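2 protein chains.
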Amino acid sequence: MNIAVDAMGGDRAPQVAVLGAVQAASELGIDITLVGDRETVVKELAYHSSTDHITVHHCDEAVQMDEPPLKAVRQKKDASIRVAFNLVKKGISDAVVSAGNSGATLASGVVILGRLDGVERPAIASVFPGEKGYVILIDVGANVDCRPTHLFQFGVMAHAFASSCLGMVNPSIGLLSIGEEGSKGNELVRLTRGLYEESPLNFIGNVEGRDIFSGDVEIIVCDGFVGNVALKLSEGMGEAVTRLLSTELKSSFFGRAALLFGRRSLDSFKRKLNYEEYGGAPLLGINGVGIICHGQSSPSAIKNAIRLAVHYVNKGLLENMRKQRFFLTDDL
Amino acid sequence: MNIAVDAMGGDRAPQVAVLGAVQAASELGIDITLVGDRETVVKELAYHSSTDHITVHHCDEAVQMDEPPLKAVRQKKDASIRVAFNLVKKGISDAVVSAGNSGATLASGVVILGRLDGVERPAIASVFPGEKGYVILIDVGANVDCRPTHLFQFGVMAHAFASSCLGMVNPSIGLLSIGEEGSKGNELVRLTRGLYEESPLNFIGNVEGRDIFSGDVEIIVCDGFVGNVALKLSEGMGEAVTRLLSTELKSSFFGRAALLFGRRSLDSFKRKLNYEEYGGAPLLGINGVGIICHGQSSPSAIKNAIRLAVHYVNKGLLENMRKQRFFLTDDL
Numbered sequence: 127m128n129i130a131v132d133a134m135g136g137d138r139a140p141q142v143a144v145l146g147a148v149q150a151a152s153e154l155g156i157d158i159t160l161v162g163d164r165e166t167v168v169k170e171l172a173y174h175s176s177t178d179h180i181t182v183h184h185c186d187e188a189v190q191m192d193e194p195p196l197k198a199v200r201q202k203k204d205a206s207i208r209v210a211f212n213l214v215k216k217g218i219s220d221a222v223v224s225a226g227n228s229g230a231t232l233a234s235g236v237v238i239l240g241r242l243d244g245v246e247r248p249a250i251a252s253v254f255p256g257e258k259g260y261v262i263l264i265d266v267g268a269n270v271d272c273r274p275t276h277l278f279q280f281g282v283m284a285h286a287f288a289s290s291c292l293g294m295v296n297p298s299i300g301l302l303s304i305g306e307e308g309s310k311g312n313e314l315v316r317l318t319r320g321l322y323e324e325s326p327l328n329f330i331g332n333v334e335g336r337d338i339f340s341g342d343v344e345i346i347v348c349d350g351f352v353g354n355v356a357l358k359l360s361e362g363m364g365e366a367v368t369r370l371l372s373t374e375l376k377s378s379f380f381g382r383a384a385l386l387f388g389r390r391s392l393d394s395f396k397r398k399l400n401y402e403e404y405g406g407a408p409l410l411g412i413n414g415v416g417i418i419c420h421g422q423s424s425p426s427a428i429k430n431a432i433r434l435a436v437h438y439v440n441k442g443l444l445e446n447m448r449k450q451r452f453f454l455t456d457d458l
Numbered sequence: 127m128n129i130a131v132d133a134m135g136g137d138r139a140p141q142v143a144v145l146g147a148v149q150a151a152s153e154l155g156i157d158i159t160l161v162g163d164r165e166t167v168v169k170e171l172a173y174h175s176s177t178d179h180i181t182v183h184h185c186d187e188a189v190q191m192d193e194p195p196l197k198a199v200r201q202k203k204d205a206s207i208r209v210a211f212n213l214v215k216k217g218i219s220d221a222v223v224s225a226g227n228s229g230a231t232l233a234s235g236v237v238i239l240g241r242l243d244g245v246e247r248p249a250i251a252s253v254f255p256g257e258k259g260y261v262i263l264i265d266v267g268a269n270v271d272c273r274p275t276h277l278f279q280f281g282v283m284a285h286a287f288a289s290s291c292l293g294m295v296n297p298s299i300g301l302l303s304i305g306e307e308g309s310k311g312n313e314l315v316r317l318t319r320g321l322y323e324e325s326p327l328n329f330i331g332n333v334e335g336r337d338i339f340s341g342d343v344e345i346i347v348c349d350g351f352v353g354n355v356a357l358k359l360s361e362g363m364g365e366a367v368t369r370l371l372s373t374e375l376k377s378s379f380f381g382r383a384a385l386l387f388g389r390r391s392l393d394s395f396k397r398k399l400n401y402e403e404y405g406g407a408p409l410l411g412i413n414g415v416g417i418i419c420h421g422q423s424s425p426s427a428i429k430n431a432i433r434l435a436v437h438y439v440n441k442g443l444l445e446n447m448r449k450q451r452f453f454l455t456d457d458l
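Line by line, the protein sequences give chains R and P.
In my numbering, each number is its position in the first sequence, counted from 1, plus 126.
In my numbering, each number is its position in the second sequence, counted from 1, plus 126.
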């Protein structure tokens, strides 16, 4: 098993990516190829005593976090994220992990590996830790303007992902809307509903924003604009809630006593609200396994993402994805 | 000052609406007209010792929470929510407060009072308690499929509301999108941006879901589909976070000690996360003042909504709204 890690991607590259990779290689006993500027990466590796299982693959360029993704991927042929996907194409690596420009990761995945047969639009899935188990939100940002077929295919891809990688059996799928009745929602949702109803998928109808946390549904489908707003909102609220709790507790004597006693519980609470730690979002619909991490990922988030990548490869994500029917009828 | 309260609206009508109204009348010293089935409402009032300032206005019908709003409003001419808005039209009441079917409240407001001159689509604003002050999200559910002009007008209405009722001076306005760069966002956002840039409004560009909590922007504009998803998501996450915190603390001895010491701080924390308590969302763009409350509102939420209605009337919300320019050029 070899995972290609984009060493130049992320707000604190290459430090964080290198540290995450070193930890993952040591804990998981897998091979990792760090893709990036050799000199910079080797200098960073020098800080670590154990770099077994780690190799460096040099490239001359990197996509910056704020660069327009499509243009950058087209122009920078030797960008680390492109080179990482090329390692997968050549069979050298089994998956790509990147905390870099997520648009560039998506574009590179599509350009280098291509889409799976039948998939019109690859999508990014995000796995939320719901109260009753995982909840998958798809798409969280790859496709801002969607047609009903796209939203249908997102559900098919998430179904394949959930079945093969998360151990879900015939996972329930809901369409993110603003009311449970079928008549509610925008035009896109109303048109998509029929496709799901005709399909063999376990479609349970419309769901609402609150269901991302309730866990009453396992897969929630939406367009990438709505999904990205939802993802960013959850992250922002998680941070705000953590700050609010500290402020409330610090504002009184008894509160400060509670902080002292409850330190461990409160830290665990904060960690669970910190979605950045969960280790990245799988890019589904391309001819390979790719994981997109938050730009602000910590080393442990990178390590977790590498662990997930290994898990997805071992579970045969790609093989399961290839078996899916992405259209309801052959002549569509 | 007289506020018309829809006694038949809400999941626990008429108990909650009546109790909220009784509390508001006593605390604020204003007149309240409870609109609903006289016998039911009078029976409920009998539980309360002080019903000064409260009158009952009888009507025969009520819109149920799960009824299709437009059809119900069209067919039930004597529905409590229609009758309440009619009291405003006749000059008997100054504003309407309802925890009933929000679609029916919106439709009744538009049908009975009409839209303000120049307003194409009335919208529902939600006021979030951000860390640095209030953040207004508009629209949170009135309009699921929008054109750029609609999104522009939402900002104009929120500007008038924020200036007159929340004491904001030239409030900053952001377009909810999935990245701050102007090139990002879906087609609707990209087309709307130009309208704001040409306007005299204090437009600061695109903002992200996390900004609802950061307070770095005062007004956030989006279509009603995205806004409603965001609202429901915040509510759901608030509830989930509260449960998670309890679970974490109860799971250890020291956590239980922390619960004991921090009871007051933790209760304050939970209240701040409970958006339902904030007292309702103003319906903007109609010829009158209307407040839409959560169906699960508590009596204190109803009381708060009545307080807000009084405040908005006193601050001249409607007069300020009428002064706004809803189009950039006269020939639009």
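Mixed in with the good hints there might be a few duds.
It does not matter which identical chain is used: a pair holds within one copy or between any two.
When the alpha-carbon atoms are kept at most 35 Å apart in a straight line, the in silico DSBU-like pairs for lysine-lysine are as follows [what the hints assert, rightly or not]:
hint	residue 1	residue 2
1	Lys310	Lys197
2	Lys203	Lys310
3	Lys376	Lys310
4	Lys398	Lys169
5	Lys310	Lys216
6	Lys258	Lys197
7	Lys258	Lys449
8	Lys396	Lys258
9	Lys215	Lys169
10	Lys197	Lys376
11	Lys169	Lys258
It is worth saying that the hints were derived from the structure and are not from the lab.
Being a predicted model, the structure only gives us computed values, none of them experimental.
**Request:** State the violated hints by number, sorted upward, taking the hints as numbered earlier in the document.
**Result:** 3, 6, 10, 11
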